[in-house]
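S.K.: One letter stands for each residue in the lines below.
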Amino acid sequence: MILKATELKKDFPRSGKSSNFFTAVQPVDLTVSSGEMTVITGKSGSGKSTLLNMLSGMLQPTSGKVTLDETDIYSLDEKTRALLRNEKTGLIPQGNTALLSLSVLENVLLPFVLYHKEEPPAARAKELLDKVGIAELMNEKPGELSGGEFRRMAVARALLMNPGILFADEPTAGLDSENTEAVLSLLRKAADSGAAVLLVTHEDDAAKYADRILTMDGGRLFDTGR
Amino acid sequence: MISLKNLPFKNLKGYSGRTAALIFFSALMSVAIFGGSLIIAGVRQGLNTVEARLGADIMVTPESAKNDFDAQTVLLQAEPGYFYMEKSKVDEIAKVDGVDLISPQVFMASTKAGCCSARLQMIAYDPATDFTIQPWIADTYTNGDMGLMDVVVGSDVTVYKDRTISFYDNDCHIVGQFDPTGSTLDSCVYMNFDTVKKLIDSSFVKGMNLYSEYDPDDVVSAVMVRVKPGADIEEVAANIQKQVSGVTTATSRNMVSGIGESLSRVAGTVGILIAAFGLVGILMTVLVFVMMINERKGEFEALKAVGADRKLMSGIVAKEAVMVNLAGGIIGIALSGMILIMFRSLFETLLGAGFVIPGPGVIALMAAAALLAVMVSAAVSSFAAVRRIGGKSL
Chain G
1 MILKATELKK
11 DFPRSGKSSN
21 FFTAVQPVDL
31 TVSSGEMTVI
41 TGKSGSGKST
51 LLNMLSGMLQ
61 PTSGKVTLDE
71 TDIYSLDEKT
81 RALLRNEKTG
91 LIPQGNTALL
101 SLSVLENVLL
111 PFVLYHKEEP
121 PAARAKELLD
131 KVGIAELMNE
141 KPGELSGGEF
151 RRMAVARALL
161 MNPGILFADE
171 PTAGLDSENT
181 EAVLSLLRKA
191 ADSGAAVLLV
201 THEDDAAKYA
211 DRILTMDGGR
221 LFDTGR
Chain Z
1 MISLKNLPFK
11 NLKGYSGRTA
21 ALIFFSALMS
31 VAIFGGSLII
41 AGVRQGLNTV
51 EARLGADIMV
61 TPESAKNDFD
71 AQTVLLQAEP
81 GYFYMEKSKV
91 DEIAKVDGVD
101 LISPQVFMAS
111 TKAGCCSARL
121 QMIAYDPATD
131 FTIQPWIADT
141 YTNGDMGLMD
151 VVVGSDVTVY
161 KDRTISFYDN
171 DCHIVGQFDP
181 TGSTLDSCVY
191 MNFDTVKKLI
201 DSSFVKGMNL
211 YSEYDPDDVV
221 SAVMVRVKPG
231 ADIEEVAANI
241 QKQVSGVTTA
251 TSRNMVSGIG
261 ESLSRVAGTV
271 GILIAAFGLV
281 GILMTVLVFV
291 MMINERKGEF
301 EALKAVGADR
311 KLMSGIVAKE
321 AVMVNLAGGI
331 IGIALSGMIL
341 IMFRSLFETL
351 LGAGFVIPGP
361 GVIALMAAAA
371 LLAVMVSAAV
381 SSFAAVRRIG
391 GKSL
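Just so you know, the protein sequences line up as chains G and Z, in that order. With our numbering, the residue at position 105 of the first sequence is 105, and numbering never jumps. With our numbering, the residue at position 300 of the second sequence is 300, and numbering never jumps.
Among the hints, a few may not be true.
Lysine to any residue pairs mimicking SDA-like chemistry, simulated, CA-CA at most 25 angstroms apart [unchecked claim]:
1) Lys-311(Z) x Glu-78(G)
2) Lys-87(Z) x Asp-201(Z)
3) Lys-131(G) x Gly-147(G)
4) Lys-65(G) x Arg-310(Z)
According to the in silico footprint, chain Z covers these stretches of chain G (three or more CB under 8 angstroms from chain Z) [unchecked claim]:
5) 69 to 82
6) 108 to 120
Derived contacts from chain G toward chain Z, CB cut-off under 10 angstroms, selection only [unchecked claim]:
7) Val-66
8) Glu-87
9) Thr-89
10) Leu-102
11) Ser-103
12) Asn-162
Don't read these hints as lab results, they were simulated from the structure. All C-beta atoms, glycine included, are put in the ideal place defined by N, C-alpha and C.
Build out the structure end to end from the sequences listed, making use of the hints.
M.R.: Rendered as structure tokens:
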């Protein structure tokens, strides 16, 4: 699976002045391929998350396009694009995101139940929870989890549908070194299993797991040469 | 196991405090709308029934009965009583200009003593001339003919299995029972002249009648008058009072005006309450839903992350709103209906008006209206919430 961004740009209007725009991402060209773990680093506000949101189909770009195996994802209507995201991509969003009234296991099953009426694949979800090391917590509510456990749950959730591409937005923010290593190892394993992994972070820990490291600064993407 | 279908329910269950608050506000709304309109309809129906049951334009009573008979309040809070005037007054009244039909009635009250089943107001009519009571009896039972010792009772009179009721040691046979009017008429016992004369005789024998000097064959308590078409009721009433000595008149309008005033007062107050509670309910529901969206930001982020589009998320929120408002609406309807039925008498006292529970069709219509209102509130709430979701990028 190949994700390709061409001349991808995002402007945000400044509040109160509709004619005045702030360019969060300058035109970017980027290709992410299967089995490869790409890490984009940069300071807060450099445009990393905006770029990731556009690449993952969550944020309409101002100009440019994003293609997923030749499909221009922003040429699709919202529903079709959402379905495509559900089937082909996995996303670990920033922060602790989960449905707090559901159990950990049910949260992991969430991507499946949105568009399927069949019995959800509980065995696979349990297997993933086992892989991320929190199988014993599957019946707990997310509110009971620590930050590290929360992210592991998000990783398991993102992997449920066997995505071709895995996006991770600051997946190690606020985690201790042990949990940081655990989460990054899981993402590396996903890449080794054939998924394209794109990770944005302002921390340096991810570098040793990456196949390629890019840097963002002032909305511009720079190749570090690795 | 989890499914998209049961996700809204799981969300509501997971936030029991917030769900309870939302149910409370929608219940409040439906109590105001359903309970309020039930009160208005109940009082209005009571008023209409009383007015129709009176059946006469003017009621003529002896002037000496002023202490026992107050036309303004008799339908709402009269104690069983009786008074008499000479039968000759009937002919005098008939001669007054504008009078079309007249029919005398004889009143009697039973006592709490052992000779009577209960202390009740008895109203006897003259089958030959009556135009006020017999039509109601005919509407309710067979041809309206009642024999000696047959009675029809108001809705508040207890009817036992043997269908007999005893007055001054005379057993009367209950041949029917009227629907409620929400007035003192509901505690009355209706009979013909022959029956009441027998009862009056018995009360004389027992020394339990204040008017033992009267000949029961020669007295009446009231004369019901219907005026000729086009005649001015007030004018005819004034003429009766002027031309017939020792009598006083009350028009049906006078008699129900007390209730009518109460009705307007009640309708006004209830209208304000409906508006206030409805508005508070809608505002609170919308507020809670909008706050909920902020509070549940992480949840919607998770849904977006796994591929939910705005429509799908809006559907979840809308289902939550419908479920919670429907539950609140039904609880409110059941609660207000139960309270109104159980404490009908208390409401009558508080409202100063008779109250008749409307028929099932009207109740169903009101319940549907109340549910519709809470559903509108659900729609507004989820719309406001969905706009918040929509405002965020996807």
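S.K.: State the violated hints by number, sorted upward, taking the hints as numbered earlier in the document.
M.R.: 7 and 12
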